[in-house]
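Trainee: With the hints as your guide, set chain B onto chain A.
Protein chains in written order, with the numbering used here: chain A, 7 to 120; chain B, 110 to 220.
Keep in mind the hints are simulated off the structure, nothing from the lab.
The structure displayed is predicted, hence computed values, not measured ones.
Where is the CB? At the ideal position from N, CA and C, for every residue including glycine.
A portion of the hints provided could be inaccurate.
[To be verified] For each label pair, taking beta carbons as the anchor points, the in silico distance ranges come out as:
#1 B/G163 to A/T57: 32 to 38 Å
#2 A/T118 to B/S190: 29 to 35 Å
#3 A/S90 to B/K151: 20 to 26 Å
#4 B/A126 to A/T57: 42 to 48 Å
#5 A/D79 to B/D148: 25 to 31 Å
#6 B/P220 to A/S73: 47 to 53 Å
#7 A/N36 to B/E124: 39 to 45 Å
#8 A/T118 to B/D203: 31 to 37 Å
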Amino acid sequence: IAGITQAPTSQILAAGRRMTLRCTQDMRHNAMYWYRQDLGLGLRLIHYSNTAGTTGKGEVPDGYSVSRANTDDFPLTLASAVPSQTSVYFCAPGCTLHNTGELFFGEGSRLTVL
Amino acid sequence: RKEVEQDPGPFNVPEGATVAFNCTYSNSASQSFFWYRQDCRKEPKLLMSVYSSGNEDGRFTAQLNRASQYISLLIRDSKLSDSATYLCVVRPPDNFNKFYFGSGTKLNVKP
Numbered sequence: 007i008a009g010i011t012q013a014p015t016s017q018i019l020a021a022g023r024r025m026t027l028r029c030t031q032d033m034r035h036n037a038m039y040w041y042r043q044d045l046g047l048g049l050r051l052i053h054y055s056n057t058a059g060t061t062g063k064g065e066v067p068d069g070y071s072v073s074r075a076n077t078d079d080f081p082l083t084l085a086s087a088v089p090s091q092t093s094v095y096f097c098a099p100g101c102t103l104h105n106t107g108e109l110f111f112g113e114g115s116r117l118t119v120l
Numbered sequence: 110r111k112e113v114e115q116d117p118g119p120f121n122v123p124e125g126a127t128v129a130f131n132c133t134y135s136n137s138a139s140q141s142f143f144w145y146r147q148d149c150r151k152e153p154k155l156l157m158s159v160y161s162s163g164n165e166d167g168r169f170t171a172q173l174n175r176a177s178q179y180i181s182l183l184i185r186d187s188k189l190s191d192s193a194t195y196l197c198v199v200r201p202p203d204n205f206n207k208f209y210f211g212s213g214t215k216l217n218v219k220p
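Next up, chain A with everything else stripped away, as it sits in the complex:
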């Protein structure tokens, strides 16, 4: 989707390594979210940020950290990857200032931790 860039699109990673998934938007949405999607479990919220400079924990934050230094970038870091973090990761900017709630998802980052 135009306006959201996730990188890398796919990565194989050894357990114990540090990894940062990048997400950049040019849509100027106030909020940004990181979800992971696993078969049978659906999309689960990892971390979110409702404005630059603030972040919050989602349903499954352990093992992940985020930062929101500006409106456009919202990187997700795995400090020491474990196999259970093998998943598809979606970044999603969204406008949440009103009761609209549309999230615009990036194309996803497929991460395999061996």
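Mentor: What follows is chain B alone, placed relative to chain A:
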């Protein structure tokens, strides 16, 4: 208990059929509801919001039943291109910044 629950399906229907999915939510105070569509190995995309009075967009109708805490999606005159996974999404009342996704209902429309 999960915030949002859906029948995973798959629903296998012929072209032209009418099909309906339900999604239940656990927090009775939830205020915002949505249906997203996700094609295989693609990102989810908003299909439609669900309003209290129900709403329609072409062949798609969404309804909310607060008493029974479920939302529904009705697809009329199914097309092959409707084959996808449909995700139910609920925003909790205590944190407007969170969106809870169901695990999705898979629809296969066959010729």
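Trainee: Each hint needs a verdict: does it hold in this structure or not?
Mentor: How the hints compare with the structure:
For B/G163 paired with A/T57, a C-beta distance near 33 Å keeps the hint of 32 to 38 Å intact. Distance hint check: the CB atoms of A/T118 and B/S190 are about 31 Å apart, consistent with the given range 29 to 35 Å. Restraint check, A/S90 to B/K151: a C-beta distance of roughly 24 Å satisfies the suggested window 20 to 26 Å. With their beta carbons about 45 Å apart, B/A126 and A/T57 fall inside the hinted range of 42 to 48 Å.
Take A/D79 and B/D148: their Cβ atoms lie about 27 Å apart, and the range 25 to 31 Å holds. Separation of B/P220 from A/S73 is about 49 Å and conforms to the stated range, judged on CB atoms against 47 to 53 Å. Judged by the Cβ atoms, the range 39 to 45 Å given for A/N36 and B/E124 holds: they are separated by roughly 41 Å. Distance hint check for A/T118 and B/D203: the Cβ-Cβ separation is about 35 Å, which falls inside the suggested range of 31 to 37 Å.
Of the hints listed earlier, there is not a single one the structure fails to meet.
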